[in-house]
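**Q** Sequence:
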Amino acid sequence: MKNSHSHHKMGHQTKSDDHDHDGDGHDHHHMIEDYKRRFWICLILTIPILILSPHIQHIFGVHDILMFPGDVYLLFALSSVVYFYGGYPFFQGIYKELKVRNPGMMTLVAVAITTAYLYSSAVVFGLRGELFFWELATLIDIMLLGHWLEMRSVMGASRALEELVKLLPSRAHKLMPDGETMDVPLEDLSVGDQVLIRPGEKIPVDGEIIKGETSIDESMLTGESNPVYRIQGQNVIGGAINGDGAIRVEIQKTGEDSFLSQVIKLVGEAQKSSSQTQNLADRFAMWLTVIALTCGFITLIVWLVVTGQDMAFSLERAVTVMVTTCPHALGLAIPLVVAVSTALAAGNGLLIRNRTSFENARNIDAVIFDKTGTLTQGKFGVTDIIPIADGIDTREVLKYAASLEAYSEHPIARGLAKEVDEHYPVDKFQAIPGKGVKGIIQGRRVEVVSPGHLTERGFTLDNEELNELSREGKTIVMVLVNGVLTLAVALADIIRPESKETISSLKSMGIKCIMITGDKKEVAEWVSSELGLDQYFAEVLPYQKAGEVKKIQDGGFTVAMTGDGINDAPALAQADVGIAIGAGTDVAIETADIILVRSNPLDVLKIIQLAGSTYRKMVENLAWGAGYNIFAIPLAAGVLSAYGIILTPAMGAVLMSASTIIVAVNSRFLRMGK
Numbered sequence: 003m004k005n006s007h008s009h010h011k012m013g014h015q016t017k018s019d020d021h022d023h024d025g026d027g028h029d030h031h032h033m034i035e036d037y038k039r040r041f042w043i044c045l046i047l048t049i050p051i052l053i054l055s056p057h058i059q060h061i062f063g064v065h066d067i068l069m070f071p072g073d074v075y076l077l078f079a080l081s082s083v084v085y086f087y088g089g090y091p092f093f094q095g096i097y098k099e100l101k102v103r104n105p106g107m108m109t110l111v112a113v114a115i116t117t118a119y120l121y122s123s124a125v126v127f128g129l130r131g132e133l134f135f136w137e138l139a140t141l142i143d144i145m146l147l148g149h150w151l152e153m154r155s156v157m158g159a160s161r162a163l164e165e166l167v168k169l170l171p172s173r174a175h176k177l178m179p180d181g182e183t184m185d186v187p188l189e190d191l192s193v194g195d196q197v198l199i200r201p202g203e204k205i206p207v208d209g210e211i212i213k214g215e216t217s218i219d220e221s222m223l224t225g226e227s228n229p230v231y232r233i234q235g236q237n238v239i240g241g242a243i244n245g246d247g248a249i250r251v252e253i254q255k256t257g258e259d260s261f262l263s264q265v266i267k268l269v270g271e272a273q274k275s276s277s278q279t280q281n282l283a284d285r286f287a288m289w290l291t292v293i294a295l296t297c298g299f300i301t302l303i304v305w306l307v308v309t310g311q312d313m314a315f316s317l318e319r320a321v322t323v324m325v326t327t328c329p330h331a332l333g334l335a336i337p338l339v340v341a342v343s344t345a346l347a348a349g350n351g352l353l354i355r356n357r358t359s360f361e362n363a364r365n366i367d368a369v370i371f372d373k374t375g376t377l378t379q380g381k382f383g384v385t386d387i388i389p390i391a392d393g394i395d396t397r398e399v400l401k402y403a404a405s406l407e408a409y410s411e412h413p414i415a416r417g418l419a420k421e422v423d424e425h426y427p428v429d430k431f432q433a434i435p436g437k438g439v440k441g442i443i444q445g446r447r448v449e450v451v452s453p454g455h456l457t458e459r460g461f462t463l464d465n466e467e468l469n470e471l472s473r474e475g476k477t478i479v480m481v482l483v484n485g486v487l488t489l490a491v492a493l494a495d496i497i498r499p500e501s502k503e504t505i506s507s508l509k510s511m512g513i514k515c516i517m518i519t520g521d522k523k524e525v526a527e528w529v530s531s532e533l534g535l536d537q538y539f540a541e542v543l544p545y546q547k548a549g550e551v552k553k554i555q556d557g558g559f560t561v562a563m564t565g566d567g568i569n570d571a572p573a574l575a576q577a578d579v580g581i582a583i584g585a586g587t588d589v590a591i592e593t594a595d596i597i598l599v600r601s602n603p604l605d606v607l608k609i610i611q612l613a614g615s616t617y618r619k620m621v622e623n624l625a626w627g628a629g630y631n632i633f634a635i636p637l638a639a640g641v642l643s644a645y646g647i648i649l650t651p652a653m654g655a656v657l658m659s660a661s662t663i664i665v666a667v668n669s670r671f672l673r674m675g676k
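Following the numbering used here, the numbering of the sequence shown begins with 3 at its first residue and continues without gaps.
Since the hints were derived computationally from the structure, they do not count as laboratory data. All values derive from a computational prediction rather than experimental measurement. Take these hints with a grain of salt, some might be off.
Claimed, not checked - Only pairs whose alpha carbons sit at most 25 Å apart, straight line, appear in this in silico DSS-like list of lysine-lysine:
1. LYS267 <-> LYS213
2. LYS420 <-> LYS502
3. LYS401 <-> LYS430
4. LYS168 <-> LYS204
5. LYS420 <-> LYS401
6. LYS553 <-> LYS514
7. LYS523 <-> LYS509
8. LYS523 <-> LYS437
9. LYS204 <-> LYS101
10. LYS523 <-> LYS552
11. LYS381 <-> LYS401
The whole structure should be built from the sequences, with the hints applied where relevant.
**A** Below you can see the structure in the form of structure tokens.
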């Protein structure tokens, strides 16, 4: 059993580098612009630094031409500006990382550029050696450029919350007491206010239609690709797009209580929450930083002391090791995939409340479905029509029965009434308590009654087909026209069309499919047979469901429980993954790890498949981050220098930035199903 769902309250681990992706969109944009501005200014200053650098002058044979008194001090001054101005984000980053005792990429970059700057400055003022200023400047340029491009990639992968916020319009047409409309900001609206929504406009609030009818596109909110038809008395969701009808809506929820705000809150919490995989990646990234610093120092000593190389070459190797190592790719490997997967899920009406359970969904090998409202529609419908009398028009008699039942409020009656598109007028309608209804239709006396009532009246009902339907737990009603028994109609809680596909797909994945219901054994057996379930539990009371879940768990299964989130709350809490299905706009279900907005069992399949895809992306990113560093660190240290393969600090910085961008791009592939 999950630990009383304490994981719902998990805080998120503080990210210490300058790429804290938990900030809002404005912070992201500001940081991107800051890196962009610093890059261009430092790049312009790098041009005279390259011209003044003795090493570059000697390469092009222009040292004697460009040399002038005091040039080294001008070079020092320009390089100092690049170091302090361009290096500021990295100094800020190392301060934050060390403050929380979690050294990372910013620590490596700051140590590397500081080492190069201090050594070169010492050479300017008398130390024997070579100047590193041109390499320092190009290194900072590339690091700024890399971070600028990297943050653009990262922002593209994790801007889910911003996209959700954009679903709402900024203003609404508020209806005033005099009947006129006034455009007002959404924050000026209150519960009980009325707004006018014209065709094609975004719906600004959650509310009830009090006038008009329309089709509505809810695809960005619930994942329902087809427009849904809404009439007076039905609810609409803020952020959906109105279709071809003008509607007047009375506001029911505003601000933080609205459906979209709750979705944004859930997505934000899911992206911030930590998990075992994330914690492992964070620890790995921290230790990689320590390893890189240690390897940098060892590289310096080996080249300087063991091989006898000069300080300039040895220091360059050490700096290259530090800037080539990329703990940031490991640090972002998990958060970026989480950002994409939670946004992708939310856009399809799959709301993740608990990341740990979501990651665990890939290990599910048994799914327990609540029957009513999950596998079935929770509404009665006609399943079988059996003619009794000869030579009758079956559809016409059925229409008589449906017309009569349209006057009744009984659930079974409503199931029969909706079987036909239009109804006949009924005269002298009369309910027979506990037995049925009767009335006059087109001059004919029509009765829709129970088999028991007919038996009391002396009718003999010896029909094997009817007996079989009774054994399946279906409800049977008999239709009489002018006292003649003409038709038998069987009704049951209708199985959802998607249920069979869901069960078939899950079983093909090796997942055991189980149903739990409070209905009679006959009903459960019929539904189980129709869907091909592996097992079912019948006549189970709500408080007993958690015990049945535990029995399955005790058999060694990792169990997902699907239910309505209210009656099934204990069972959802007991399961390894609790899935509340058909929540609609009520997403504040505390006991559920995952909330499915629609009552579509296929979404259970989708969440398991998404969990598997998400995990694969995490593994790919972690494998890339680890593999890159295994090869990059020795290469940067100069193990292939005997073959003429030597990385400069600038080349190392390019590789480091590219490594992070690859992780960001790979995370975005999750949206494409790759």
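**Q** Which earlier hints turn out false for this structure, listed by number in ascending order?
**A** The structure breaks hints 1, 9; every other hint is satisfied.
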